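Chemist: From first to last, the protein sequence lines stand for chains R and L. Mind the numbering: the first sequence is residues 1 to 499 in the working numbering, read in order. Mind the numbering: the second sequence is residues 500 to 807 in the working numbering, read in order.
Everything labelled a hint here was simulated from the structure, so no lab data went into it. Each hint should be verified, as a subset may be incorrect.
[To be verified] Between beta-carbon pairs, the in silico distance windows are:
#, chain 1, residue 1, chain 2, residue 2, range
1, R, 419, L, 561, 30 to 40 Å
2, L, 757, R, 126, 23 to 33 Å
3, R, 480, L, 627, 55 to 65 Å
4, R, 126, L, 742, 51 to 61 Å
5, L, 569, R, 112, 14 to 24 Å
6, L, 752, R, 61, 29 to 39 Å
7, L, 773, R, 220, 42 to 52 Å
8, R, 470, L, 633, 10 to 20 Å
9, R, 491, L, 541, 30 to 40 Å
10, R, 455, L, 658, 26 to 36 Å
[What the hints assert, rightly or not] A partial selection of chain L residues facing chain R, derived with a Cβ cut-off under 10 Å:
#, residue
11, 513
12, 564
13, 572
14, 585
15, 633
16, 636
17, 652
18, 657
19, 762
20, 763
21, 772
This structure is a prediction, so every number in the text was calculated from the model and none was measured. Cβ atoms here follow ideal geometry from the backbone N, Cα and C, with glycine treated the same way.
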Amino acid sequence: MNTTQVPDARSYLQTRRGIWSWLLTTDHKRIAILYLASITIFFVLGAATTSLLGIEALQPEGDAMSPENFDRMFTLHGLCMVFFFLLPVLTGVLGNFLVPLRIGASNLAFPRLNLATWYLFVAGGLLLLASTLHGAVDAGWSLLLPYSAQSSGAELVPAILGVLLAGVSVGLMGLNMVVTVHRMRAPGMTYWKVPVFVWGQYACGLLLALLTPVLVAALALLLRNELGYAPFVAETSGDSLLFKKLFWTYANPALHAPLLAGIGVMTKVLTTISGRVLYDRRRVIIAIMAIALLHLLAAGQSFAPETRGIYVGNLSSLFALLVAVPSAAIIVHWAATLQPGSQRFTAPMLYVYTFIGLFTIGSATNLFLAASPLGSHLQGTAFGVAHLHYFVAGGVITAFLGGLHFWWPEITGRLYPEMLARAVAVVVFVGFNLMFLPQFLLGYLGMPSRMHAYPPDFQVLKVLSSAGATILVAGLVLPALYLPWSFFWGHRSTSHPWE
Amino acid sequence: MWDEILGPRGASEFASRVDLLSLFVLGVGALFSLGVFTTVIVFSIKHRPPGQQRAAPTRAVRGFVALWTGVPLMVVLAVFFWSSKIQAGHASAPPESLEILGSARQWLWTFEHENGRKEINALHVPVNVPILLNLESEDVLHRLSLPAFRIQQDTLPGIPTQMWFRPTREGMYRLFCTEFCGTGHSSMSGMVYVLDPITYGHWVTGDSASLTPEEAGEMLYAAFRCDSCHAPSGEGTGPALAGRFGTDSILGDGSAVLFDTAYMRESLLEPNVRLAEGYEPIMPSYKGQLDESQIAQLSAYLESLASD
Chain R
1 MNTTQVPDAR SYLQTRRGIW SWLLTTDHKR IAILYLASIT IFFVLGAATT
51 SLLGIEALQP EGDAMSPENF DRMFTLHGLC MVFFFLLPVL TGVLGNFLVP
101 LRIGASNLAF PRLNLATWYL FVAGGLLLLA STLHGAVDAG WSLLLPYSAQ
151 SSGAELVPAI LGVLLAGVSV GLMGLNMVVT VHRMRAPGMT YWKVPVFVWG
201 QYACGLLLAL LTPVLVAALA LLLRNELGYA PFVAETSGDS LLFKKLFWTY
251 ANPALHAPLL AGIGVMTKVL TTISGRVLYD RRRVIIAIMA IALLHLLAAG
301 QSFAPETRGI YVGNLSSLFA LLVAVPSAAI IVHWAATLQP GSQRFTAPML
351 YVYTFIGLFT IGSATNLFLA ASPLGSHLQG TAFGVAHLHY FVAGGVITAF
401 LGGLHFWWPE ITGRLYPEML ARAVAVVVFV GFNLMFLPQF LLGYLGMPSR
451 MHAYPPDFQV LKVLSSAGAT ILVAGLVLPA LYLPWSFFWG HRSTSHPWE
Chain L
500 MWDEILGPRG ASEFASRVDL LSLFVLGVGA LFSLGVFTTV IVFSIKHRPP
550 GQQRAAPTRA VRGFVALWTG VPLMVVLAVF FWSSKIQAGH ASAPPESLEI
600 LGSARQWLWT FEHENGRKEI NALHVPVNVP ILLNLESEDV LHRLSLPAFR
650 IQQDTLPGIP TQMWFRPTRE GMYRLFCTEF CGTGHSSMSG MVYVLDPITY
700 GHWVTGDSAS LTPEEAGEML YAAFRCDSCH APSGEGTGPA LAGRFGTDSI
750 LGDGSAVLFD TAYMRESLLE PNVRLAEGYE PIMPSYKGQL DESQIAQLSA
800 YLESLASD
């Protein structure tokens, strides 16, 4: 089964030493470690802003911070989490490390591009951090025009450039994955034999590579807007909705792309730990690709139903609704794989159960946003926020933690503390549900997102949600501590302790 | 209690139709989720002797997979056609609609009725009459949300948009801005007052003959949402006004002016000429929205607050 068994899992860490052996490496395993380290920094920053926003939400008057700082805080939170965690994490770390090993290749198709991609990511991150020195952007992570141009000063240009570099980096990484899967498979490995884990990475990479030009177009126009030419502002006969439409044409499918990689990760964890063969893997592969295609076709879903016209509106609504069918198919194929019984509830497996929970409920809430009259009522409310976090962020974080624990022995040659990891998996599950289930309700009651102050009768649900945020952040801090610890001092292990 | 959990009852027929679809989606979503969770848990914990290889999938498993892939397809198609039907039934406002102009700017909603009557962050409408709102923004993107009627609409600079609803229950309902529009985004909130047609008629024509000037002033103070900035506690973006009438006000340049009807009139019509010390020039002018008798009523109301 394992054609790629290496004698010592840590050998790639020890062959060469010194800082340049890392900064100039083209080894996909080392680049994965570089990604892991740098993404963790942004994740911790994003999680810290989560806590502050949770404290702010406790009081209806919003006294914990000024409206200006609140706006900057959720903007920084969104930019960090979307462009420097959600989009790159599953491909940059797990895909980078494992895709070549799973298809019998010695490296990705473009090893030097892989390193350059990481440098683009780091440069983008530094520019985003630099923008906070000038007072930080306050327009939300979608940088919506014309407000972003009106409110921001010198800080907007580095922020746009930071997002641009991060977006391009993610797109190039996706391209690298796609080419690797097409061109670098071992002889005899037909497409149907490619592991589902790799198919997930492929679908994710394909979406991101195809979508990146749209993001670049939107940001390039935003940049020109900053430099004096104003195509989006009504007074110069531009279309005030153009930027919003371009941005969401990118963002809506792009946000769902990492979930496909997450499905791949979870499939691998589930089949290996349960010791089963995936029930009808062909149909699971088809379902993954169908979800990718439908998200691409449903890009217009996030336009306001009233401003997208009846045909675009109905079609994107239909495609967005249809996503539920392959999603349901994947879940029931997993369930059929688990039959019959006697599972080992190790930490990675607990993340699989969490993923099934979040993904099933998230697919159901997606129906609300996809059905036009409901989506129209819920857009821009806490319901949308809850859906994005519960479904997309929840799915990606769960898949990442599950996969990272699962492959930790293979990546580092060490074991993580199992009991602690199981406890964290349960805490993360409770945290997500407590944090976002109240927000679905708040959204249906009409509570808009990004409110510095809110009507006092929403306070009970807001406080419940903040309590969930506290639990979630507490749960997420622990792996950031015990995983680095086990990297140096954990028990030694073989690469594949699960089999 | 149940109203809090199930949400505000819809205040229009359209809202009830939307709620029914919501309940259906919630129902099938919950049913499917529960089914999946039960199956996954049962499949996971059912005992299997160690080492035993799995037999080929049973008929039951194959049936389960086929059922739970086929049923969602039927459900989403049903949701799609149901949605389209609701949308089609709400596509255009009836010709007899009462038209109201809605204008957004950072950070106020202004509504202008057919007779020119204007109000800020509040919308008075008659019950059982279709209301057509013609929306436009003066600056950035906004989005008017009337959650009790389950409707929202983009309010954009340079692109006029419309939304309509037919309120069927009298009462007070929230209105919000759901497109992030800057520092004051959360204060772009207000109330929709659904009145019986006679009360609405009195309200819109400003007919307040039966009221004393103080009472009429108090109504105006509430209707124009003066308290959203001039809160009694003094914590708003403007100075507190209770107890100020007849006293000296300190201006930005250090000079003092007597707070009387004349100064109040000037502050309403040319608010940023003589500004109280420590406040930003952000108050909008009410020129054309308040006539002389209304200014006198507001003045009487503030004077009554001073003597308390």
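Chemist: Next, verify each hint and record whether it holds.
Modeler: Verification of the supplied hints:
no.	hint	result
1	R/419 to L/561: 30 to 40 Å	holds (38 Å)
2	L/757 to R/126: 23 to 33 Å	violated (58 Å)
3	R/480 to L/627: 55 to 65 Å	holds (59 Å)
4	R/126 to L/742: 51 to 61 Å	holds (55 Å)
5	L/569 to R/112: 14 to 24 Å	violated (48 Å)
6	L/752 to R/61: 29 to 39 Å	holds (32 Å)
7	L/773 to R/220: 42 to 52 Å	holds (47 Å)
8	R/470 to L/633: 10 to 20 Å	violated (45 Å)
9	R/491 to L/541: 30 to 40 Å	holds (34 Å)
10	R/455 to L/658: 26 to 36 Å	holds (30 Å)
11	513	holds (8 Å)
12	564	holds (5 Å)
13	572	holds (5 Å)
14	585	holds (5 Å)
15	633	violated (13 Å)
16	636	holds (8 Å)
17	652	holds (6 Å)
18	657	holds (3 Å)
19	762	violated (30 Å)
20	763	violated (28 Å)
21	772	violated (26 Å)
In this structure, the hints that do not hold are numbers 2, 5, 8, 15, 19, 20 and 21, in rising order.
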